[in-house]
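Asker: Protein chains in written order, with this note's numbering: chain A, 803 to 1007; chain B, 803 to 1007.
Calculated directly from the structure, the hints in this document are not laboratory data. This structure is a prediction, so every number in the text was calculated from the model and none was measured. Hints should not be assumed to be uniformly reliable.
It does not matter which identical chain is used: a pair holds within one copy or between any two.
[Claimed, not checked] Listed next, the in silico BS3-like pairs over lysine-lysine satisfying Cα-Cα at most 25 Å (straight line):
| no. | residue 1 | residue 2 |
| --- | --- | --- |
| 1 | Lys930 | Lys833 |
| 2 | Lys930 | Lys861 |
| 3 | Lys930 | Lys844 |
| 4 | Lys847 | Lys930 |
| 5 | Lys861 | Lys847 |
Listed below, chain by chain, are the residues.
2 protein chains.
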Amino acid sequence: MSFESRTSGVTAQPVSRLIDELARLPGVGPKTASRLAYHILKTPKDDAIGLAEAILEVKERIRLCSVCFNTTDIDPCAICSNEGRENRICVVEQPLDVVAIERTHEYRGRYHVLHGAVSPVDGIGPDKLRIQELVDRAQREQPDEVIVFTNLDLPGEATATYLHRILTPLGVRVTRPASGLPVGGDLEYADDMTLGRALLGRREL
Amino acid sequence: MSFESRTSGVTAQPVSRLIDELARLPGVGPKTASRLAYHILKTPKDDAIGLAEAILEVKERIRLCSVCFNTTDIDPCAICSNEGRENRICVVEQPLDVVAIERTHEYRGRYHVLHGAVSPVDGIGPDKLRIQELVDRAQREQPDEVIVFTNLDLPGEATATYLHRILTPLGVRVTRPASGLPVGGDLEYADDMTLGRALLGRREL
């Protein structure tokens, strides 16, 4: 039920429309949506226009890089056109994962965004992802390594297994990031799977 | 530090601009802002335009009702121009409070939005609120009752005391809503003040 129908017309139509639009964002319920809407009402006009314009601009100017399929406003994207990047490809599920990995400053290679992970239960086969493009790229670019940095859940693992199977015959070295206890994590609160992985992957000091 | 500077240019400029704009909303941190921004990126273009237009429309069409100072797109607002409403005024701090009270369906009178509460510590005196307008209105409309429905915190209580002091000499009956345990609330988790109020305000069964 929309906000407008629930409040039976006491809220001005433009306000209830904004509340309904905001409530469609992920993690924003009707209460948060009203709070945000009334904040936008109180905010200086230029700030609100700035937000609206940023939304429009993003939809107008952002597309996918034709090489790595990350979101970009130039094609190829800033990372793909950077000659100084190492000849290795980090495969991730989402554009946000690229941002997270870049923030570590531990990786100087390139990326490939699949836009999802293989999940037969949800009807997502390899053909729904940017996997053929990755295979073509691996053959063309002959990378030193393909790091499959998909999530450590079932679809992420299935994707990693699948990519390993199709990329290894092409002579590509396929790796997966280390799995174990998070830094600063408390052993007591780790789940069994993580503890098991941490134990199996133990290193000499 | 803005999102753009933190990610040193790997995120396309329109995306980081949108993240920065979203992070200015209340309760939206940088992580939520990126999640929302990438959601807007993935969303169909029309939905994103709908949100942007709703923001612009709200800033263009919404103003304050000249009678009750609630947000409205017509003046006087739908409630003030409704002849069927009872001749009593419910005084609230924010427009959202009107929405909350309307939702109870227990009140059929009018409203008056102060846009804040008296708080000398924060430099908010009665002159910064719509209090003079309320006094003028009380003299003009001779309401049967003024319910001071400000918050039950220090500024809300100070406002209630102040309004009681200036409205009572005008022959206006000033009331305050009941204070006590919330419905469905657990006695064990109630704070001392609330418990005390619940006890003081006890009623015959």
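Asker: Within a copy, between copies, both or neither: where do lysine 930 and lysine 844 come within 25 Å Cα-Cα?
Answerer: Answer is between: at 15 Å across copies they meet the 25 Å cutoff, but 44 Å inside does not.
Asker: For lysine 930 and lysine 833, with the copy left unspecified, which applies at a CA distance of at most 25 Å: within, between, both, or neither?
Answerer: Cα proximity of lysine 930 and lysine 833: none, with 36 Å in one copy and 27 Å across.
Asker: Is it within, between, both, or neither for lysine 930 and lysine 861, if the alpha carbons may be no more than 25 Å apart?
Answerer: within (22 Å within a copy, 41 Å between copies)
Asker: When no copy is specified for lysine 861 and lysine 847, does a C-alpha distance of 25 Å or less occur within a copy, between copies, both, or neither?
Answerer: Intra 22 Å, inter 6 Å, cutoff 25 Å: intra and inter.
Asker: If the cut is 25 Å between Cα atoms, do lysine 847 and lysine 930 qualify within a copy, between copies, both or neither?
Answerer: between (42 Å within a copy, 21 Å between copies)
Violated hint for the displayed structure: number 1, the only one.
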